[in-house]
Amino acid sequence: MNHTFIIAKRVLSQLKNDKRFLALSVIAPLIIIYFLKLLLDTFPSYVNVKNYTIPFSAFIVHFLSFILCAILLIQERTRGTLERMMIGGFSKTSIIGGYTLGYFSLATLQAIVVLIESIWLFKLNYDTKTILMLFMVIWLLAIVSVMLGIFISTFAKHEGHIFPFIPLIMLPSIFLTGLIQEKGLPIWTEIISKCLPLHYAINIIREIIKPEYNITDTCIDFGILLGYVFVLLALASFTLKDSK
Amino acid sequence: MNAIEIVKLSKYYGKIRALNNMSLDVAEGTIYGIVGPNGSGKTTLIKALVGSLRPDTGFAKVLELDPLKDKWKLRKQIGYMPQSPALYDDLSARDNILFFGKAHNIPDLKKKTEEILLFAELTSRASDAVGTFSGGMKKRVSLCCALIHNPKIIFLDEPTAAVDPHLKIQSWSLFRKLAQSGVTIFISTHLMDEALLCNKITILRNGEILAVDTPQNILQLGKTRLKVYVNNEEKISTIASTPNNLAEELKKFGLDKNISSITLHTDNIEDIILSIIHEKVKEEKT
Chain A
1 MNHTFIIAKR VLSQLKNDKR FLALSVIAPL IIIYFLKLLL DTFPSYVNVK NYTIPFSAFI
61 VHFLSFILCA ILLIQERTRG TLERMMIGGF SKTSIIGGYT LGYFSLATLQ AIVVLIESIW
121 LFKLNYDTKT ILMLFMVIWL LAIVSVMLGI FISTFAKHEG HIFPFIPLIM LPSIFLTGLI
181 QEKGLPIWTE IISKCLPLHY AINIIREIIK PEYNITDTCI DFGILLGYVF VLLALASFTL
241 KDSK
Chain B
1 MNAIEIVKLS KYYGKIRALN NMSLDVAEGT IYGIVGPNGS GKTTLIKALV GSLRPDTGFA
61 KVLELDPLKD KWKLRKQIGY MPQSPALYDD LSARDNILFF GKAHNIPDLK KKTEEILLFA
121 ELTSRASDAV GTFSGGMKKR VSLCCALIHN PKIIFLDEPT AAVDPHLKIQ SWSLFRKLAQ
181 SGVTIFISTH LMDEALLCNK ITILRNGEIL AVDTPQNILQ LGKTRLKVYV NNEEKISTIA
241 STPNNLAEEL KKFGLDKNIS SITLHTDNIE DIILSIIHEK VKEEKT
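In the order they appear, the protein sequences are chains A and B. Take the first sequence: its letters are residues 1 to 244, numbered as in my numbering. Take the second sequence: its letters are residues 1 to 286, numbered as in my numbering.
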């Protein structure tokens with residue numbers, strides 16, 4: 001456990017020292033949400049834009065957390081520090097745990113700023129309980145994204161290898177999880193949609209913003225999202241090899 | 001007692017043979033050099049010994065432990081300095097050493113870090129980010145990270161490549177001191193002159209052992225060439241590794257007034273190692 005905190009501390013110090021990275025992680029989602037506002041403002045008045053605002057914000061956090069975590073972990077591999085950590089006595093469980101803990105704070109920061117901006121920019125009148133619930137979902141999705149980033153990074157030898165995973169994982173999330181089109185997609189696309197964590201996050205978000213929301217309606221989706229964290233953690237532990 | 005025992009170790013990367021049926025023993029407290037050109041399998045061998053690489057056949061024992069099965073026991077007792085610096089550029093030299101040192105729960109880690117920084121002459125730059133360091137300085141920090149936990153065996157992959165001569169001399173003096181205190185140093189190098197500084201060397205090419213011996217015995221394989229120019233015509237005479245019979249050779253030419261120059265070239269370790277490699281290449285071609 002001590003080793004996990006040592007690695008988490010190092011990840012945090014790296015994030016703190018890398019001002020450009022930190023700025024990109026926090027400022028980029030803010031800018032993208034502003035662009036989203038410009039786009040949604042062009043929609044006809046009968047479209048309920050509230051249905052899209054928070055789901056899109058969640059997607060932005062999902063995408064950025066995934067890609068930034070994957071890239072940093074690949075950098076560890078190409079620089080040789082990952083191998084040195086393992087030979088030096090850090091276990092892969094400590095490494096994954098340390099990374100998760102380190103990014104946990106970044107994911108929390110991203111979830112907070114994205115939610116605050118969305119509520120302010122789109123003038124959303126949600127009560128405190130709803131806001132806290134929305135934060136929980138975005139934050140949980142960010143953790144899933146960090147796990148996904150760690151898992152996917154084990155298949156890449158350099159940063160460039162991460163890009164093929166964007167159309168493979170992120171684009172289907174945009175088109176098939178109900179982010180844009182809630183109904184009318186072919187039934188078979190539901191199978192793909194149900195494999196993607198964003199599907200469950202959007203389900204929960206759309207339930208939370210309903211006035212008649214009851215937490216029991218989203219227990220299963222919350223459970224699945226939480227399940228993603230553990231499944232991806234197990235997969236990342238399995239695929240992160242300390243000997244080739 | 002042997003610190004390292006390697007038996008019929010082979011590793012293939014697809015069709016490329018990185019290690020071929022390699023067997024060798026390394027005695028405790030020695031400086032053991034793995035010498036060979038780039039791509040000869042030096043790094044692959046070190047990675048197999050530190051448990052970072054799974055061999056296809058054969059096995060290795062380091063401190064009587066299996067590098068793969070007993071990796072956690074073993075990794076506490078070994079130091080590893082990879083070929084690339086493998087450091088965090090955003091962290092200072094001190095923080096890099098502290099970070100890798102923390103993996104071993106060392107008592108007085110801060111004090112030890114300051115001592116090792118002093119040895120590597122890095123104290124004045126200890127608080128600077130490693131990203132601002134030259135290649136040689138990064139190597140020094142990397143060496144400090146490998147030594148911080150007082151390992152029983154140190155695996156050094158080309159530790160003195162791109163290091164200035166002053167630090168190179170200092171590093172070798174430290175390696176000798178460590179070996180005297182019982183630490184085994186397993187060092188890979190493509191710098192042939194460094195082979196002379198080892199207690200024993202193995203010459204590698206294409207994952208195969210070409211020779212295993214002490215540098216002194218390897219030097220005996222060398223030749224001395226006596227070149228005598230008579231009427232501007234070069235006459236070469238090859239004599240034994242040490243020119244004991246030089247007088248006899250020179251007698252052949254007498255006191256000829258047409259002798260314009262006499263040169264004597266004794267093979268150095270680099271010439272000998274390269275000729276061993278070239279002979280192997282010739283043998284393979286035929």
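The hints are simulated quantities; they were obtained by calculation from the structure and are not laboratory data. We put the beta carbon where it would ideally sit given N, CA and C, even for glycine. Possibly wrong hints are sitting among the right ones.
Per label pair, the in silico range of CB-to-CB distance [said to hold, decoys possible]:
{"#": "1", "chain 1": "B", "residue 1": "136", "chain 2": "A", "residue 2": "158", "range": "49 to 59 Å"}
{"#": "2", "chain 1": "B", "residue 1": "28", "chain 2": "A", "residue 2": "20", "range": "47 to 57 Å"}
{"#": "3", "chain 1": "B", "residue 1": "114", "chain 2": "A", "residue 2": "238", "range": "34 to 44 Å"}
{"#": "4", "chain 1": "A", "residue 1": "78", "chain 2": "B", "residue 2": "15", "range": "30 to 40 Å"}
{"#": "5", "chain 1": "B", "residue 1": "190", "chain 2": "A", "residue 2": "157", "range": "22 to 32 Å"}
Here are the simulated lysine-lysine pairs, DSS-like style, with alpha carbons at most 30 Å apart [said to hold, decoys possible]:
{"#": "6", "chain 1": "B", "residue 1": "223", "chain 2": "A", "residue 2": "241"}
{"#": "7", "chain 1": "A", "residue 1": "241", "chain 2": "B", "residue 2": "73"}
{"#": "8", "chain 1": "B", "residue 1": "223", "chain 2": "A", "residue 2": "9"}
{"#": "9", "chain 1": "A", "residue 1": "9", "chain 2": "B", "residue 2": "152"}
{"#": "10", "chain 1": "B", "residue 1": "76", "chain 2": "A", "residue 2": "157"}
{"#": "11", "chain 1": "B", "residue 1": "110", "chain 2": "A", "residue 2": "16"}
{"#": "12", "chain 1": "B", "residue 1": "200", "chain 2": "A", "residue 2": "9"}
{"#": "13", "chain 1": "B", "residue 1": "73", "chain 2": "A", "residue 2": "92"}
{"#": "14", "chain 1": "B", "residue 1": "112", "chain 2": "A", "residue 2": "157"}
{"#": "15", "chain 1": "B", "residue 1": "8", "chain 2": "A", "residue 2": "9"}
{"#": "16", "chain 1": "B", "residue 1": "200", "chain 2": "A", "residue 2": "157"}
{"#": "17", "chain 1": "B", "residue 1": "223", "chain 2": "B", "residue 2": "200"}
Structure-based check of all given hints:
1. B:136 x A:158: 49 to 59 Å: For residue 136 of chain B and residue 158 of chain A the Cβ distance comes to about 26 Å; the hint is violated.
2. B:28 x A:20: 47 to 57 Å: With Cβ atoms ~49 Å apart, the hint holds.
3. B:114 x A:238: 34 to 44 Å: holds, 40 Å
4. A:78 x B:15: 30 to 40 Å: violated, 25 Å
5. B:190 x A:157: 22 to 32 Å: The hint (22 to 32 Å, Cβ to Cβ) holds, given that residue 190 of chain B and residue 157 of chain A are roughly 25 Å apart.
6. B:223 x A:241: violated, 49 Å
7. A:241 x B:73: holds, 18 Å
8. B:223 x A:9: It is violated: about 59 Å lies between the C-alpha atoms, which goes past 30 Å.
9. A:9 x B:152: holds, 29 Å
10. B:76 x A:157: holds, 28 Å
11. B:110 x A:16: Holds, because 23 Å separates the two Cα atoms, which is no more than 30 Å.
12. B:200 x A:9: Violated, because 43 Å separates the two Cα atoms, which is more than 30 Å.
13. B:73 x A:92: holds, 15 Å
14. B:112 x A:157: violated, 35 Å
15. B:8 x A:9: Between residue 8 of chain B and residue 9 of chain A the Cα gap is close to 43 Å, so the pair fails against 30 Å, i.e. violated.
16. B:200 x A:157: Violated. Residue 200 of chain B to residue 157 of chain A sits at ~36 Å, over the 30 Å cutoff.
17. B:223 x B:200: This hinted pair holds, its Cα atoms lying about 21 Å apart.
In summary, the structure is inconsistent with hints 1, 4, 6, 8, 12, 14, 15 and 16 from the numbered list given earlier, while agreeing with the others.
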